[in-house]
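Engineer: Sequence:
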Amino acid sequence: MESSDRNILITGGLGYIGSHTVVHFAENRGYSRIIIVDDLSNSSIEVYDKIHQILCDTSIEIIFEEVDCANFNQMDDKVFSKYDIHEIIHFAGSKDVNESFSLPLLYYENNVMSTINLLKLVDKYKGTCKAFIVSSTAAVYSDQEFTEESETEPTNPYSRSKLMIEQILKDYSRCNNRIFCISFRYFNPVGAHPSGMIGENPGKPTNIMPVLQEVATQKRDHIDIYGADYDTEDGTCERDYIHVIDVSNAHLCAMKYISNLTTFKKDENFETINISTGKPTSVLELIRVFEEATGKTLPYKMSDRREGDKAFSKGSTDKAKRLLNFEPKYSLKEACQHSWKWIKGQLEGYSKIDKAVKS
16 MESSDRNILI
26 TGGLGYIGSH
36 TVVHFAENRG
46 YSRIIIVDDL
56 SNSSIEVYDK
66 IHQILCDTSI
76 EIIFEEVDCA
86 NFNQMDDKVF
96 SKYDIHEIIH
106 FAGSKDVNES
116 FSLPLLYYEN
126 NVMSTINLLK
136 LVDKYKGTCK
146 AFIVSSTAAV
156 YSDQEFTEES
166 ETEPTNPYSR
176 SKLMIEQILK
186 DYSRCNNRIF
196 CISFRYFNPV
206 GAHPSGMIGE
216 NPGKPTNIMP
226 VLQEVATQKR
236 DHIDIYGADY
246 DTEDGTCERD
256 YIHVIDVSNA
266 HLCAMKYISN
276 LTTFKKDENF
286 ETINISTGKP
296 TSVLELIRVF
306 EEATGKTLPY
316 KMSDRREGDK
326 AFSKGSTDKA
336 KRLLNFEPKY
346 SLKEACQHSW
356 KWIKGQLEGY
366 SKIDKAVKS
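Count along the sequence shown from 1, then add 15; that gives the number in the numbering used here.
Hints were generated in silico from the structure; no laboratory data involved.
Honestly, I wouldn't trust all of these hints.
[Stated by the list, open to error] Straight line, CA to CA, 30 Å or less: simulated DSSO-like cross-link-like pairs of lysine-lysine:
1. K336 x K348
2. K135 x K145
3. K359 x K311
4. K316 x K359
5. K325 x K311
6. K359 x K294
7. K325 x K336
8. K145 x K97
9. K135 x K93
10. K139 x K271
11. K334 x K348
12. K325 x K234
13. K93 x K234
14. K185 x K294
15. K145 x K93
16. K271 x K234
17. K141 x K93
18. K325 x K294
19. K334 x K145
20. K336 x K145
21. K325 x K344
22. K348 x K294
23. K185 x K280
24. K271 x K334
25. K344 x K334
26. K135 x K271
27. K344 x K294
28. K281 x K271
29. K139 x K93
30. K356 x K344
31. K280 x K135
32. K145 x K271
33. K271 x K141
34. K311 x K271
35. K185 x K141
36. K281 x K139
37. K234 x K336
38. K334 x K280
Modelling step: build the complete structure from the supplied sequences, incorporating the hints.
Structural biologist: Structure representation (structure tokens):
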């Protein structure tokens, strides 16, 4: 993409997926300005510095505004009234499944209200924003191989908030032909930037990869595997893992797709799309690949199943390939290698964070 007079807003842009997406968009030079919004509740200003170190001599202006997306007036005063926003990628929000059970209102406020605020601001400043991509989750599905038409069955406040957002975007799109909206249902993003300079903050593990990292760095003794009697090849849960750089690239492919559309038709300007590899990996296989990638031995113990864990998760890649011409490029081994490079250089991760987990 050649440089152009386009501004993109990336909320949660100092978080895990957000920071990698900022770098990926800047490297592809399709924008004159990238505006990052983040309230730093689960990120650090250090990430902003790391982004600039990775990019070195980029000609793209990268701006940071410390704002809470759930605060309409802040978003208006510090972002929309200052910059022409042509495209939005909305990562900001709470994402800890377990925490969502004890703090459901926080999750609905952070996730649903922040999205509504952005859409209201898009309406207020009519005519500039043409694309809106929101991060959703495969947790909206039940327990099977999923296409975008599969039955949804969210089982916790976090995933229910994401499904609510999808319905809001669908309804919004029906009465608005000025903007194209996409909800990306991520499966299991893993990995880190190949430079090792940015990655997933390991301070509060909410998935298995940070746990593997903690065992590899001797911060914990072993990995607990919850359930060895599932109806899978080796009895442990299977998940569809995708490199975070591939996830970032999916957003770039989506923006290219939207920019090539000549008109937006009501009822045809909203899509839900899986971001996955279509290749499930068991817990035991993930441990083996991580050991191979790092040269470390990871002790583990079998435990009873955890309530709510699904045996199997795999996303269809057909729609992403057909609409966006998107295909993952990185292997699981590369994701493990990049994660290990990141964690070795940043053993404490970013600044320690104990607040509600946000993307």
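Engineer: Just pull the numbers of the violated hints for me, sorted ascending.
Structural biologist: The structure conflicts with hints 13, 16, 34, 37, although it agrees with all the remaining ones.
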